[in-house]
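Position in the sequence shown (first residue = 1) + 1193 = my numbering.
No lab work stands behind these hints, which were simulated from the structure alone. We treat Cβ as the ideally placed atom computed from N, Cα and C, and that holds for glycine. There's no promise every hint is true.
Said to hold, decoys possible - Here are the computed lysine to aspartate or glutamate pairs in the EDC-like style, where the Cα-Cα straight-line distance is at most 16 Å:
1. Lys1346 with Glu1318
2. Lys1362 with Asp1400
3. Lys1239 with Asp1447
4. Lys1428 with Glu1455
5. Lys1350 with Glu1441
6. Lys1404 with Glu1369
7. Lys1244 with Asp1274
8. Lys1428 with Asp1456
9. Lys1205 with Asp1422
10. Lys1258 with Glu1318
11. Lys1350 with Glu1318
12. Lys1404 with Glu1392
13. Lys1362 with Glu1455
14. Lys1261 with Glu1318
15. Lys1349 with Glu1441
16. Lys1428 with Asp1400
17. Lys1404 with Glu1208
18. Lys1362 with Asp1447
19. Lys1346 with Asp1320
20. Lys1205 with Glu1334
Said to hold, decoys possible - Label-pair distances were calculated between CB atoms; the ranges are:
21. Asp1456 with Leu1197: 38 to 48 Å
22. Met1431 with Glu1378: 40 to 50 Å
23. Glu1208 with Pro1231: 30 to 40 Å
24. His1240 with Lys1404: 19 to 29 Å
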Amino acid sequence: MDRLFAYLSKPKPYEPSTHPFWDDEHISKGMLEAHLNPDRDAATRKHSFVKQSVEWLCKMFPSQKYPKVLDLGCGPGIYADLLNQKGYSVTGIDISERSIAYAKAQNPNNIYFCMNYLNCDFPAEFDLILLIYCDFSVLREDERQKLLRIVFKALKKGGYFVFDVNTLKFYQNRPEEQKNWYLNEGSGFWRDKTYLVLESFYIYEPDVFLKQYVVLEEDLSFRVYRIWDKAYTEKSLMEELKTVSYSECRIFEDVCGKKFNEDSRTMCVVLNK
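Please put together the full structure from these sequences, using the hints given.
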C-alpha cells in the first residue's frame, strides 16, 4: 500500500506510466472503439472533421505532386484510408497491434507498420508526413527533438510536415489541479473486471499538464497511466522548431486550415523542408 500512496502524490515532470497504455491488450479494445466512433472527439476526431481535414490536405498537397504520405500514429487507418481513396500512396505507423490489424484488413493497398514511430528510420522518400491529433505534445522534449530529426530525414526536399498541438487556451477553463475517483463494476475501459480509478489532473508551470489514472483492481494490484501534454504559444513552438532546417512555416488553427488567432485552442503547423 505504501507504493500505492506514493503514486497518489504529484509526480515529477514526465515520469512515465508503470505499464503500457497505447498497446495494452485490453485498453486497445476501447481505444479502437473510440477511433471508430464517428461522433466523438476521442481517440480520433469526429469523422466529419476528418473528412474536412482530408479535403484540405488534398487542396494543399495534391496527390499528383505529393503522392507519398507517411501517417505517424495512424491508429486504425482512418486518415490513411481516405487519403488512399484520393490517390495517395500511404504508409502508416502505429504502436497498437489491434489498430494496425484493423487498418490492414480495411485497406490492403496501404503499407502499415506496428511500431513506435520514434524508432522508425526512413530515407528521404516521403512528400508529406502527418502527425495529427496533438501527438507531438505528449512526448518529452528529447523525444520531440528526436521525432523532428526522424521526420526531416524521411522527407524529400520540398516535402511537408503537418502536425498539430494544443495551445494554452485549450486549458483556460481548467485552471486548478483536480482529483477524483470512481468505481467501475465489471468490464470497462481500463480492465476486464471490476476496478477503482483514482484520477488526477496536474499542472506544471507554465505549460505542461498531466492526466494521471491509478487503476486499482480487487486483488489490490494497480497500474498507473500518465498522459502528458505540453501546450504551446506560437512563440514557444517556433523556439522549439529552431533545431530543424525548414524553408517555410505556416500556422493554422486546425488541420482543416482554419485561420489561427489568439483564441485558438489548437494550432496546426505546416513545415516545408
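Structure-based check of each hint:
Proximity of Lys1346 to Glu1318 is assessed by CA-CA distance (about 9 Å); at most 16 Å being required, the pair is judged to hold. Only pairs whose Cα atoms come within 16 Å are accepted, and Lys1362 paired with Asp1400 is accepted, the gap being roughly 11 Å. The suggested pairing of Lys1239 with Asp1447 holds, with an alpha-carbon distance near 13 Å, which does not exceed 16 Å. Between Lys1428 and Glu1455, the direct Cα distance comes to roughly 12 Å. Compliance with the 16 Å bound is thereby established for this hinted pair.
For the given pair, Lys1350 sits about 12 Å from Glu1441 by alpha-carbon distance, which is consistent with the 16 Å threshold. Restraint check for Lys1404 and Glu1369: the C-alpha separation of about 13 Å stays at or below 16 Å, so the hint holds. For a cut-off of 16 Å, the pair hint linking Lys1244 to Asp1274 stands: about 11 Å separates their Cα positions. A C-alpha spacing of about 15 Å is found between Lys1428 and Asp1456, which places the hinted pair at or below 16 Å, so the restraint holds.
As the CA atoms of Lys1205 and Asp1422 are separated by approximately 14 Å, the hinted pair is consistent with the 16 Å bound. Between Lys1258 and Glu1318, the direct Cα distance comes to roughly 13 Å. Compliance with the 16 Å bound is thereby established for this hinted pair. Straight-line distance between C-alpha atoms of Lys1350 and Glu1318 comes to about 9 Å, which keeps the hinted pair within the 16 Å bound. Taking the CA atoms of Lys1404 and Glu1392, the gap is near 7 Å; set against the 16 Å cutoff, the hint holds.
Of the supplied pair hints, the one linking Lys1362 and Glu1455 holds, its CA atoms being roughly 8 Å apart against a limit of 16 Å. Among the hinted pairs, Lys1261 with Glu1318 is consistent with the structure: their alpha-carbon atoms are about 8 Å apart, no more than 16 Å. Between Lys1349 and Glu1441 the CA atoms are separated by roughly 14 Å; this keeps the pair inside 16 Å, and the hint holds. For the hint linking Lys1428 to Asp1400, the alpha-carbon distance of about 13 Å falls within 16 Å, and the restraint holds.
A distance of roughly 12 Å separates the Cα atoms of Lys1404 and Glu1208; the hinted pair therefore holds under the 16 Å criterion. For the suggested pair Lys1362 and Asp1447, the alpha carbons sit about 14 Å apart, so the restraint of at most 16 Å is met. Simply put, Lys1346 and Asp1320 have alpha-carbon atoms about 12 Å apart, close enough for the 16 Å limit, and the pair holds. As the CA atoms of Lys1205 and Glu1334 are separated by approximately 15 Å, the hinted pair is consistent with the 16 Å bound.
Range check, Asp1456 to Leu1197: about 41 Å between beta-carbon atoms, so the 38 to 48 Å window is met. Between Met1431 and Glu1378 the Cβ separation comes to about 49 Å, which falls inside the hinted range of 40 to 50 Å. Between Glu1208 and Pro1231, the C-beta spacing of about 35 Å keeps the proposed range 30 to 40 Å intact. A beta carbon spacing of about 24 Å between His1240 and Lys1404 agrees with the range 19 to 29 Å that was offered as a hint.
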